[in-house]
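As you go down the protein sequences, you meet chains A and B in turn. Reading the first sequence from the start, the letters are residues 1 to 374 in this note's numbering. Reading the second sequence from the start, the letters are residues 1 to 624 in this note's numbering.
Treat the hints with care, as some may be off.
Okay, derived cross-link-like pairs now, SDA-like style, lysine to any residue, Cα gap no bigger than 25 Å in a straight line [unchecked claim]: (1) Lys253(A) with Val33(B); (2) Lys238(A) with Ile26(B); (3) Lys42(B) with Ile235(A); (4) Lys238(A) with Arg55(B); (5) Lys25(B) with Gly333(A); (6) Lys53(B) with Lys189(A); (7) Lys53(B) with Leu288(A); (8) Lys189(A) with Ile26(B); (9) Lys42(B) with Phe220(A); (10) Lys53(B) with Ile357(A); (11) Lys25(B) with Pro263(A); (12) Lys46(B) with Pro263(A); (13) Lys139(B) with Leu185(B); (14) Lys241(B) with Asp527(B); (15) Lys238(A) with Lys46(B); (16) Lys53(B) with Ile235(A); (17) Lys25(B) with Tyr22(A); (18) Lys53(B) with Thr247(A); (19) Lys137(A) with Lys46(B); (20) Lys46(B) with Leu196(A); (21) Lys53(B) with Gly333(A); (22) Lys253(A) with Ile231(B); (23) Lys25(B) with Ile199(A); (24) Lys45(B) with Pro263(A); (25) Lys25(B) with Leu196(A); (26) Lys253(A) with Ile28(B); (27) Lys238(A) with Ile28(B); (28) Lys42(B) with Leu288(A); (29) Lys25(B) with Phe191(A); (30) Lys137(A) with Asn15(B); (31) Lys46(B) with Val284(A); (32) Lys124(B) with Ile199(A); (33) Lys137(A) with Arg17(B); (34) Lys46(B) with Pro223(A); (35) Lys42(B) with Leu252(A).
What the hints contain is simulated information worked out from the structure, not anything from laboratory work.
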Amino acid sequence: MYQYRRFNNKNGFFQKFGNLDYILLSCLLILGFISLATMYSTDGGEVLFHTKSHFIKFIVFFLMMIVISFINIKFWFSLGYLSYAVILGMLIWTINFGITASGSKRWIDLYFLNIQPSELMKIFIILCLAKYFHRMKSQHVNSFYSICFSLIIIFVPMSLVIIQPDLGTSLLIAISGIVVLWFAGLNHKYFFYSCLLSIISLPIIISFLKPYQKLRVLTFLNPDRDPLGAGYQIIQSKIAVGSGGFTGKGFLKGTQSYLEFLPEKHTDFIFTLFSEEFGFIGSVLLLLIYSIIIYRVIRIGALSRSYFAKLFCYSFGTSIFIYVVINMSMVLGLLPIVGSPLPIMSYGGSSMLATMIGFGIVMSAKTHSQQSIA
Amino acid sequence: MINISDSANKLNSLNRRMFILAAAKIIILGGIVSRLFFLQVKENKKYLTLSDKNRIREWKLPPIRGEFQDYFGNTIAGNFEAYQLHIIPEEVEDFRYVIFRVKELLELSEKQFKKIVKKKNEIKPWETLIVADNLSWEKFSKINNHLYDLNGVKPVISISRDYPYKENFTHVLGYVSQANENDLLTNENIKEKFVPGLKVGKTGLEKSFEQKLIGSNSVERYEVNAYGRRISQLAFQTGDKGETIKLTIDTKIQELTNELLKERAGSICVMDIYTGAIIAMHSSPSFDPNSFVFGISQDEWQLIRNNPMKPLVNKSLSGNYSPGSTIKPIVALSALENEIISPDFTVQCKGHKNPLELYGQTYHCWKKEGHGFVNLREAMKQSCDTYFYEVARRLGVDRLSVTAKKFGLGQKVFRNIFDNEKKGLIPNTEWKKNALGRNWVLGETIITGIGQGFIQTTPIQLCLMTAQIANGGYKIYPKIVVNDNNLYADKFTPLFKKSRNIKIIQDAMFSSTNEVRGTSYRSRLDDPKYQFAGKTGTSQVKKITERDRELDLKTLQIPYEERDHALYIAFGPYKNPRYAISIIIEHGGSGGTIAAPLAKKLFKMIIDRHEIRKNYGNKKYLDI
């Protein structure tokens, strides 16, 4: 009887509405609000282009996320390979017909908006691999065939992004894929050996890097070697964060950003500005919000019945965590500078779109948590 | 069944791995938070300073230079408000239009215009471009009237150096001009206070007292953005004006000396014989220091530099002259002190027909007919060379040089105040051996006795020598700054063995000016109030040949460079003396006819102004 009722109501609209994760939703809304306020501050305390554009994108994509959450998780499961192929096609299209900006071809022109397929790939690679491992028997996971196949799935988009060139995003795509492999149960020893191998081959990799990338590594090791050139970004970023102090300089009072010392303050370095204005307390609170979001995502995964939904939620949550950690470490001088946006906070439509699609699928897993995928 | 256990297996593995990663995440999160804590709480001070360093920039304004005053408090080097025209290029909409309009209004030459355009291209668009640094009032008001169509042009009133007495004080004060690289390298203080357009002393007292005069910068503190543009002013800190330096010089007398030396090359020094205070010190010809303040034009500079009378040389301090007969008081004094001669010692001067002969060289007296039998007093009065040849021969150059040095010859009069002061030269046998590597010959002693040969003195040394004879033979320390804390100022060390000897010399100098047949008899002042005693000197610049002696040309018939220097030293009033002077006219001719008459006018004024000076000095105490 009980089971019947549940089965009966599983597609009811209000049922789904009630099943939405409101804590996750409200956290996302708070984050959206914070990001709008910060964007307002980057515009110098005026509602200018970035604030308006960010606001519209956030609203549109947030609504889109809610729409996605009403779509059955089965639909996303069935779309797994197709969407991956479409994005791969877009990446190839980018290489041939992409829009060149600041030295790299990253965008394609869709007439009403410019989209960056590499950002979308960060989500859809998880979807694709989650589908691939969903059906697989556990003893097949570590077979040569499946490892090779999943590595190809990761490697093809990664290399397409590297030649744009966009090292940061391609690394993030690879990390997203590897996270799925980890959850799928790939043997620990593979991770261990590949880690070892990459450390040994590090000098060789460095010798293949482009001069500007080498410079970034050197600058990371010692920012003071060229304080007005390559080291400028990281030095100014650390000054901004450090001068924020415990309570911060106050909203709209961040001198480093207001006086234009901060580079890329709308995108990759937005945390710097936030941290300067709201200090240690604000930064920890922001981290707390991110933590809650990631916790909710993983909790949804834990409560889902289907292996696909679990795998996707865990991987997506972990990926978001890694994006946040990489961005903050970079801004705080713990990692070399690679282009990696802070999810939702940073300005950028494609990143926002991809993140929101991800949350939409997670939310869909929540509303269809009792749904099992055959 | 297998299927179910397999999926359970997969789920187990998934959850286990999630758990492992969750633990890792918490550790990483802890790392990020601790990094934030490190940067924002622990190192906060350091980064706050760095942030302020980023955003706050200070602009130094030129300090206001201290003034120079004469003894009576008149400003002789002050500051005036210069009318300047500044443009900040970025505030101008159409720079070309504005600059052409300014060119038209100021009637700038093509050359000046190009210079301004070149300067504009060198600076950042928000930096100030100084179009004109010293405009006349007419042009300044013209610009002000046309401001409506000169957007971004700023008429500015700025403080600049002014020398109201023009050429009168040039060699004492020197002048200021734009600081150059050399000034920055040699003077730390200038380097520290440097701002573009800073003017520093180049010569004279302006240079010596740079540390005291320069003052301190006003500082404007601005918030700037990453590109260096000023956003807002945060603070303004007013600097201090440099110290005012009071000199012992009397402007009225200084002006008189300038007038007396007009059209001539030479120097006049006036000194207080008890305090050593310089009352006047002038070197002629002079030049207007005001033209250096904003940079002198090339033509004007060439004119000054190529003038044969050498206006750039401060003849009072760096002119080395043979003292001629003005050395005779010291020769006589030295002989008396060393008891070589008595005042009654007599020599026969036989004139040009029977000159003194020594080792084949002949030594003539200036007077063709000779002076006959002369004693010390007569010899000084008529400046008989033959007498002093004989005295010098008996005295020897070494003993003479001891006395001469004692009286301040052959060494700097002002210790370090003037960097262009020369030492002169008092020769002795040892000096010649060291410097020239040859032995001293007697003939050189003979001509040293009449102030010719190696001996060289500066006018200020002769003045000091005269002052020390006039005050009864006591050492004084000349000074030009009123509050010069001189350690020895109160100690009057006697320079003589017998004060009677000084009296004899004073008397002999009196006779030279005030008795018939004295060389400067025609320049005497009979009123005892003004009566002064002196000694003329005529120093040869080239050896007189037999032919010259036969021709006996008048001064004006000889080429300028070959004419004698005319010298005169004197002190007065004779009863109760107060002041000593030295006069030198380069290539002027005879000391008695050219230099001495100037002393007459000079002493009249010096002694008239003595009362005023004394009262002014005492007034300080009356006010209290």
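We went through each hint and held it up to the structure:
Taking the CA atoms of Lys253(A) and Val33(B), the gap is near 23 Å; set against the 25 Å cutoff, the hint holds. In summary, the hint linking Lys238(A) to Ile26(B) is supported, as the alpha carbons are separated by about 24 Å, within the 25 Å threshold. For the hint linking Lys42(B) to Ile235(A), the alpha-carbon distance of about 17 Å falls within 25 Å, and the restraint holds. For a cut-off of 25 Å, the pair hint linking Lys238(A) to Arg55(B) stands: about 15 Å separates their Cα positions.
Of the pairs offered as hints, the one joining Lys25(B) and Gly333(A) holds, with about 19 Å between alpha carbons and a cut-off of 25 Å not exceeded. Under the criterion of a C-alpha separation no larger than 25 Å, the hint pairing Lys53(B) with Lys189(A) is inconsistent with the structure, at around 51 Å. Annotation: proposed proximity of Lys53(B) to Leu288(A) is violated, straight-line Cα distance about 33 Å (limit 25 Å). Taken as a hint, the Lys189(A) and Ile26(B) pair is honoured in the structure, with Cα atoms around 23 Å apart against an allowance of 25 Å.
With a C-alpha separation of about 21 Å, the suggested pair Lys42(B) and Phe220(A) falls inside the 25 Å cut-off, and the hint holds. For the hint pairing Lys53(B) with Ile357(A), the CA-to-CA distance comes to about 44 Å; that exceeds 25 Å, so the pair is violated. Annotation: proposed proximity of Lys25(B) to Pro263(A) is violated, straight-line Cα distance about 29 Å (limit 25 Å). A distance of roughly 21 Å separates the Cα atoms of Lys46(B) and Pro263(A); the hinted pair therefore holds under the 25 Å criterion.
About 37 Å separates the Cα atoms of Lys139(B) and Leu185(B), which puts this hinted pair outside 25 Å; it is violated. Restraint check for Lys241(B) and Asp527(B): the C-alpha separation of about 48 Å exceeds 25 Å, so the hint is violated. Restraint check for Lys238(A) and Lys46(B): the C-alpha separation of about 11 Å stays at or below 25 Å, so the hint holds. Under the criterion of a C-alpha separation no larger than 25 Å, the hint pairing Lys53(B) with Ile235(A) is consistent with the structure, at around 13 Å.
Proximity of Lys25(B) to Tyr22(A) is assessed by CA-CA distance (about 24 Å); at most 25 Å being required, the pair is judged to hold. Note on Lys53(B) and Thr247(A): the hinted pairing holds, with a Cα-Cα distance of about 21 Å set against a maximum of 25 Å. Straight-line distance between C-alpha atoms of Lys137(A) and Lys46(B) comes to about 57 Å, which puts the hinted pair past the 25 Å bound. Our distance criterion of 25 Å between C-alpha atoms is broken by Lys46(B) and Leu196(A), whose separation comes to about 38 Å.
Between Lys53(B) and Gly333(A) the alpha-carbon distance is near 20 Å, which keeps this suggested pair within the 25 Å criterion. At roughly 14 Å between alpha-carbon atoms, Lys253(A) and Ile231(B) fall within 25 Å of each other, so this suggested pair holds. Restraint check: the Cα-Cα separation between Lys25(B) and Ile199(A) comes to about 22 Å, which is no more than 25 Å; the hinted pair holds. Taken as a hint, the Lys45(B) and Pro263(A) pair is honoured in the structure, with Cα atoms around 22 Å apart against an allowance of 25 Å.
Taking the CA atoms of Lys25(B) and Leu196(A), the gap is about 21 Å. The hint holds against a cut of 25 Å. Between Lys253(A) and Ile28(B) the alpha-carbon distance is near 30 Å, which puts this suggested pair outside the 25 Å criterion. With a C-alpha separation of about 19 Å, the suggested pairing of Lys238(A) with Ile28(B) holds against the 25 Å cut-off. Our distance criterion of 25 Å between C-alpha atoms is met by Lys42(B) and Leu288(A), whose separation comes to about 21 Å.
Using a Cα cut-off of 25 Å, the hinted pair Lys25(B) and Phe191(A) holds, with the two alpha carbons roughly 17 Å apart. Of the pairs offered as hints, the one joining Lys137(A) and Asn15(B) holds, with about 16 Å between alpha carbons and a cut-off of 25 Å not exceeded. A hinted pair counts as satisfied when its Cα atoms are at most 25 Å apart, and Lys46(B) with Val284(A) qualifies at roughly 21 Å. Restraint check for Lys124(B) and Ile199(A): not satisfied, since their Cα atoms lie roughly 49 Å apart, outside the 25 Å limit.
The suggested pairing of Lys137(A) with Arg17(B) holds, with an alpha-carbon distance near 17 Å, which does not exceed 25 Å. At roughly 16 Å between alpha-carbon atoms, Lys46(B) and Pro223(A) fall within 25 Å of each other, so this suggested pair holds. Taking the CA atoms of Lys42(B) and Leu252(A), the gap is about 24 Å. The hint holds against a cut of 25 Å.
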